[in-house]
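Input sequences plus hints: build the corresponding full structure.
Chains as they are written, first to last, in UniProt numbering: chain E, 1 to 655; chain C, 1 to 498.
There may be inaccurate statements among the hints.
To be verified - List of simulated lysine to any residue pairs, SDA-like, C-alpha gap at most 25 Å:
1. E:K357 / E:P302
2. C:K367 / E:E223
3. E:K199 / C:A118
4. E:K248 / E:E228
5. E:K201 / C:Y326
6. E:K199 / C:K347
7. E:K114 / E:L67
8. E:K201 / C:C358
9. E:K248 / C:L374
10. C:K343 / C:C358
11. C:K365 / E:S605
12. E:K248 / E:S219
13. E:K199 / C:Q376
14. C:K347 / C:L374
15. E:K160 / E:R204
16. E:K201 / C:L374
17. E:K248 / C:D366
18. E:K613 / E:Q532
19. E:K353 / E:S341
20. E:K248 / C:G370
21. E:K176 / C:K343
22. E:K158 / E:N97
To be verified - Label pairs and their computed distance ranges (CB to CB):
23. E:H226 / C:K334: 42 to 52 Å
24. E:R237 / C:S363: 23 to 33 Å
25. E:S292 / C:K334: 52 to 62 Å
26. C:S222 / E:R237: 40 to 50 Å
27. C:K353 / E:H226: 50 to 60 Å
28. E:N299 / C:K343: 51 to 61 Å
29. E:A601 / C:G377: 50 to 60 Å
30. E:N324 / C:S222: 53 to 63 Å
31. C:K334 / E:R237: 27 to 37 Å
32. C:S222 / E:E223: 52 to 62 Å
33. E:T611 / C:G377: 42 to 52 Å
34. E:E354 / C:G377: 14 to 24 Å
35. E:N299 / C:S222: 16 to 26 Å
36. E:E223 / C:T333: 34 to 44 Å
What the hints assert, rightly or not - Negatives, chain C to chain E, calculated, CB over 10 Å:
37. N76
38. I225
39. K246
40. T267
Bear in mind the hints are in silico, worked out from the structure with no lab data behind them.
Glycine included, each C-beta is placed from N, C-alpha and C at the ideal position.
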Amino acid sequence: MEAPPRRPAINFFDLLTEEIILIILDHLRDPLARKSFSQVCKSFYSLESDHRKFIKPRILNFLPNVLRRFPSISQINFSLCPRVEDDTLSSISLAWNSSLETIDLSRSKFFTQKGLSSLATNCSSLLEINLSNRTTLTDSSLKAIGEAKNLERLWLTKCKSITDVGIGCLAVNCRKLKSICLRWCLRVTDYGVGLIAAKCKEIRSLDLSYLLITEKSLSAIFELEHLEALVLEHCHRLDDDGLVSFKKSCQSLKVLNLSHCQSITHIGLSALTNGAQNLEKIILSYSLSFTSDLAECLNDSPRLQSVNLDGIMVRCSGIRAIGNWHSSLKELSLSKCRLMSDECLSFTVQAHKELRKLDITFCRNITYASVDYITRSCPMLTSLRMESCTLVSRDAFLLIGRCQFLVEIDVADTDIDDEGLESIARCSKLCFLRLGMCLNVTDKGLSYIGSSCSKLTALDLYRLSEITDLGISSIADGCPSLEVINIAYNPNVTDNSLLSLSKCLKLRILEIRGCSCISSRGLSNIAVRCRQLTLLDIKRCNNVNDEGMIQLAQHSQKLNQIKLSCCSVTDVGLLALASMSCLNHISIYRLNKLTSYGLAAFLMSCQSLITVKLSTFFKSLLPEHIQESMEARGCVLVWREKESQAPFRRLNRWE
Amino acid sequence: MQHSNQQRCEDPSMSDYGIRMETLFKECNQACGTKSLLPCGSNDGIKIPNQENCQMGDTSQTGKLQDWDPSIMLENLSFLEDKIHQIRGLLHLIANKKGQQLGQPDEIITQEKQLITANLTSIIVQLISTAGSLLPSVKLAASNTSPSVGQHGQIPGITFPSGLGPSSSSIQPQHDIRDKISDQSNQIDLTNMCEMEQNHMEEHELKDEEDGDEGENLPPGSFEILQLEKEEILAPHTHFCTICGKGFKRDANLRMHMRGHGDEYKTPEALAKPNKESESEPKLIKRYSCPYPGCKRNKDHKKFQPLKTILCVKNHYKRTHCDKSYICSRCHTKKFSVMADLKTHEKHCGKDKWLCSCGTTFSRKDKLFGHIALFQGHTPAIPLDESKAPVGQADMEITENNNNNNNNKGGSINLSFGSNASSCENGIQNMMNVKGITDDPISYLSSLNFETCNFGEFNDFPRPPFEDTTKGSFPFLMSESFNYSPKCGGESCPNNLL
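Structure representation (structure tokens):
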């Protein structure tokens with residue numbers, strides 16, 4: 001961040017060996033800091049250039065210079081470049097043919113089988129390719145990737161066009177594959193998956209979510225000796241009928257995800273977990289009801305640490321059976337288990353005293369008693385999520401202070417009051433706190449947090465009607481490492497709050513949606529001081545105008561996403577934003593003073609845009625060639641008819 | 001007739017279907033013994049009660065026309081069988097005698113002739129009375145249940161008395177169905193072997209296995225083995241009109257046809273699909289043997305695997321031991337001997353879309369992936385029309401097309417090699433099979449035996465009396481036999497001349 005100190009007389013860096021300097025350089029995580037480092041002197045410049053391993057280009061116009069300057073890049077991430085062409089890929093592959101190991105093309109379009117082919121043939125040490133979200137990726141592209149013989153990790157999420165044939169080519173050629181993600185590759189069937197299992201014996205991790213696979217592929221998969229993680233979300237073809245005669249077992253398996261597999265009951269699960277001695281984590285969320293039989297299936301897994309039962313129909317006997325397990329759980333997620341009762345929950349937490357993470361979000365039946373047992377039995381708890389546990393009384397929150405190691409607390413939409421916060425404030429390691437919709441919380445409560453939770457990095461104060469600038473300032477003073485704060489829909493929060501928050505120099509995400517008292521003046525303070533700001537939500541901040549935008553454009557060089565809907569921003573403000581080199585996502589619904597000319601100028605001049613959300617009103621006004629050129633750049637225009645929407649939509653998000 | 005009855009009592013193995021060569025010879029000897037006791041003048045005496053019996057049987061049968069009893073039917077049939085055995089024994093005797101003393105008085109010869117004539121006539125009458133009166137209903141019943149075997153076998157069997165020389169060779173097998181004797185027709189097949197160069201034994205063995213009789217493991221004695229002869233297997237029709245003799249493939253078609261012969265066939269009872277066999281008594285399971293010597297489906301094979309139904313026999317025989325006369329009109333390369341196979345193939349012909357990088361094509365995806373899993377380095381080839389090519393991928397498409405064209409060329413070449421190789425192999429295999437058969441002493445000898453001692457005689461069988469009787473009373477049988485004669489004659493004649 002800071003430039004290394006300058007020494008006028010003796011250069012102490014001459015005394016350091018190159019290795020030590022490089023180790024120091026490795027500790028500079030912030031790209032801006034590295035930039036500063038490289039600009040110290042010529043030798044630092046060349047050192048940094050030679051040592052640079054990772055780049056994430058924004059604009060590909062300067063690629064030739066980049067290729068020349070950094071000779072040993074091993075990781076390249078194109079997620080900020082929506083348009084990556086074959087030429088780019090081939091020049092990269094030639095320049096970094098021996099060093100390139102990882103390439104991420106998950107957000108990019110326009111490259112074809114040709115570019116991938118040059119990449120795969122030239123870069124002999126290529127280990128990882130991410131081709132997710134290329135719905136048009138063809139089998140021939142996979143065939144081209146097959147040339148990368150050393151490939152170990154491949155991501156093909158949502159590559160809906162690829163079939164078994166392409167997977168077959170891949171499986172035969174890339175024998176060293178360790179991890180492959182075929183999530184949403186809907187045309188891949190048992191044959192392709194079976195071939196992967198038959199040919200790639202090194203597989204560690206396999207994501208087959210949403211595939212129409214049956215137990216046939218599972219029998220091949222379970223032959224894999226090193227398989228550790230198996231994700232089978234939404235695999236609806238897997239059912240008890242097929243699994244009932246399934247006899248194989250996978251001893252190496254550590255993580256099994258059967259989320260949304262609604263045809264699997266304890267019969268199928270026992271077939272799958274039979275002999276899985278090393279199972280550590282199982283996810284059964286949104287599947288069938290959790291009965292004692294189901295719990296019995298997992299009784300024999302001595303290393304089981306993490307169980308996720310989100311949204312499952314929990315039977316009391318089942319939860320009680322969890323309490324009788326041999327293994328001691330570290331993580332338990334029971335969110336949206338509506339029938340969960342105090343009795344069951346307290347029995348379970350009493351048995352698993354080592355519990356580190358507990359999620360009981362939306363368990364609406366639990367009361368004080370549960371919280372009592374939780375806090376008493378599990379002193380080591382680091383994460384407690386209990387959003388919308390509405391029957392838990394105020395007194396219960398006084399007990400949370402018992403768990404002093406808590407790092408993450410989610411008490412949104414509960415009856416917690418200032419005294420509860422005082423108790424929570426005893427958790428000095430607290431990093432994440434969600435208080436949204438807790439209408440009993442006032443400035444006083446926030447001051448407790450601000451006074452003792454100095455490590456707080458993320459705070460949610462959504463819709464706390466009582467809090468004012470005072471509370472915010474106590475937080476800003478007490479929590480210098482704050483990175484994320486949400487103070488949306490707090491009518492009493494004014495520019496002063498932003499002024500105090502500008503002391504939090506690490507602030508990345510600021511959501512001040514619907515704070516009508518906030519104006520451009522407050523925003524300017526943030527813009528000037530919080531240089532790390534990447535996401536800003538100022539929707540419905542009616543008093544924010546062009547001035548704020550101009551300040552942002554001048555100072556917040558890292559701003560990546562901005563939500564501007566319903567502000568007083570005009571063409572001028574928008575055009576000012578166009579100069580920002582990082583701005584990728586913008587939503588500009590219902591900007592009344594915006595004209596189509598201003599919009600067109602903005603779209604044409606802001607080169608870094610990836611997503612623009614705008615109202616359909618402009619669709620007819622915007623010249624077609626502009627829309628076409630946006631498309632050609634890879635930018636997505638999302639047209640939506642936005643009328644005044646219910647501001648309380650969030651309330652019934654789960655209903 | 002008394003003696004014949006007596007003999008039936010004496011020799012219970014007559015009714016046993018599983019009799020072997022030895023028993024047959026024994027039977028011949030017994031027949032020898034009885035013959036000497038036979039008073040020549042009692043011919044008529046034998047004949048009359050026999051006919052009476054038949055008539056009685058006839059009336060009893062007609063009485064039960066509406067609901068006939070299959071057990072009675074079976075009884076009649078076994079009785080007939082016994083009688084045929086007797087005649088055969090008698091003929092053996094005569095033949096042997098002829099060989100010993102040529103100078104036999106004409107009197108005795110005519111007596112013998114009369115005796116045989118009488119016996120045969122009685123059989124015919126019996127047969128007609130049992131089967132003929134019931135024919136429409138029996139045929140209705142005989143769709144694909146086990147009795148249809150007997151039915152199917154017997155209709156051509158009736159041609160026996162017509163005394164047509166060539167067709168008589170096809171008569172003898174009738175008994176062999178029950179007797180389990182590989183006879184002269186085995187010989188036919190041996191000679192036919194050279195005609196069947198293009199048989200793809202293995203391929204069709206596979207298909208037979210798919211017919212579904214592979215899984216069953218019946219203990220050897222638990223089923224009855226029937227063996228149809230080649231002519232019957234290849235016969236185009238299995239159902240015949242009792243009035244005009246026209247042949248049909250399906251009994252339903254016959255029923256439709258019968259309507260034209262009179263109002264009595266238009267009744268709902270006559271038109272109704274006959275009920276399946278009532279499973280009153282547990283019957284011995286029937287399994288079928290292929291008449292082709294050396295075939296795995298032939299009962300003399302060491303690892304004999306019986307065929308389940310007549311349909312299996314037909315398909316097996318045509319696929320394995322016949323010319324493939326049906327050629328696919330699309331690819332002009334694939335040949336089939338069963339029409340249904342051709343039709344199945346034509347449905348999929350040209351759709352060999354599953355292509356391996358080695359050039360092999362597969363009509364089924366699982367076959368391709370099985371192939372790829374098996375062989376190192378083989379990959380699935382990407383099909384020509386890779387659908388939904390993304391915009392701006394024209395270049396890629398072109399290169400891909402080129403690739404695939406190359407692949408395809410390689411594929412077709414490979415394929416042709418493959419087929420050549422396989423045909424060679426099959427040829428060799430056929431040779432092997434022939435060799436195996438000639439090496440097999442039992443089948444070889446048995447066929448020889450019959451060749452020399454039996455059928456030569458049958459050809460010399462006196463015709464006129466039979467022609468007289470049959471022409472008059474059973475004209476329909478004549479026409480029926482004519483249906484068969486060209487096929488049977490054409491292929492069996494040279495054999496008989498041997």
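- Could you check the hint for me, namely that E:S292 and C:K334 are 52 to 62 Å apart, CB to CB? Holds, at about 60 Å.
| query | Does the Cβ-Cβ separation between E:E354 and C:G377 fall within 14 to 24 Å? | reply | violated (50 Å)
| task | Quickly compare the C-alpha distance for E:K199 and C:K347 to 25 Å and report which way the hint goes. | result | violated (34 Å)
A range of 42 to 52 Å was offered for this pair. Does it hold for the Cβ distance of E:T611 and C:G377? Since the Cβ atoms of E:T611 and C:G377 sit about 44 Å apart, the hinted range of 42 to 52 Å holds.
Practice task
Would you assess whether C:I225, listed as outside the interface, keeps its beta-carbon beyond 10 Å of every beta-carbon in chain E?
Solution key: Holds: least Cβ distance 36 Å, greater than 10 Å.
Review point. Do the Cβ positions of E:R237 and C:S363 conform to the proposed distance bound of 23 to 33 Å?
Key: Hint holds: Cβ distance 24 Å, inside 23 to 33 Å.
**Q.** Given pair status - E:E223, C:K367, alpha carbons within 25 Å
**A.** Measuring from Cα to Cα gives roughly 21 Å; hence the hint holds.
Open item on the list: Hint check: E:K357 vs E:P302, CA-CA at most 25 Å. Holds or violated?
Closed with: Between E:K357 and E:P302 the Cα gap is close to 19 Å, so the pair holds against 25 Å.
Hint says 16 to 26 Å; check whether the CB-CB distance for E:N299 and C:S222 agrees. Given about 49 Å between the Cβ atoms, the range is violated.
Check the following: the C-beta atoms of E:E223 and C:T333 are separated by a distance inside 34 to 44 Å. Since E:E223 and C:T333 have Cβ atoms about 39 Å apart, the given range 34 to 44 Å holds.
Exercise for review: Assess, step by step, whether the Cα of E:K176 is no farther than 25 Å from the Cα of C:K343, and give holds or violated.
Suggested key: violated (46 Å)
>> Next pair to validate is E:K248 with E:E228; report whether the Cα-Cα distance is within 25 Å.
In response: Holds, at roughly 15 Å.
Hints 3, 5, 6, 10, 11, 14, 21, 22, 27, 32, 34, 35, counting from the list given before, are not met by this structure.
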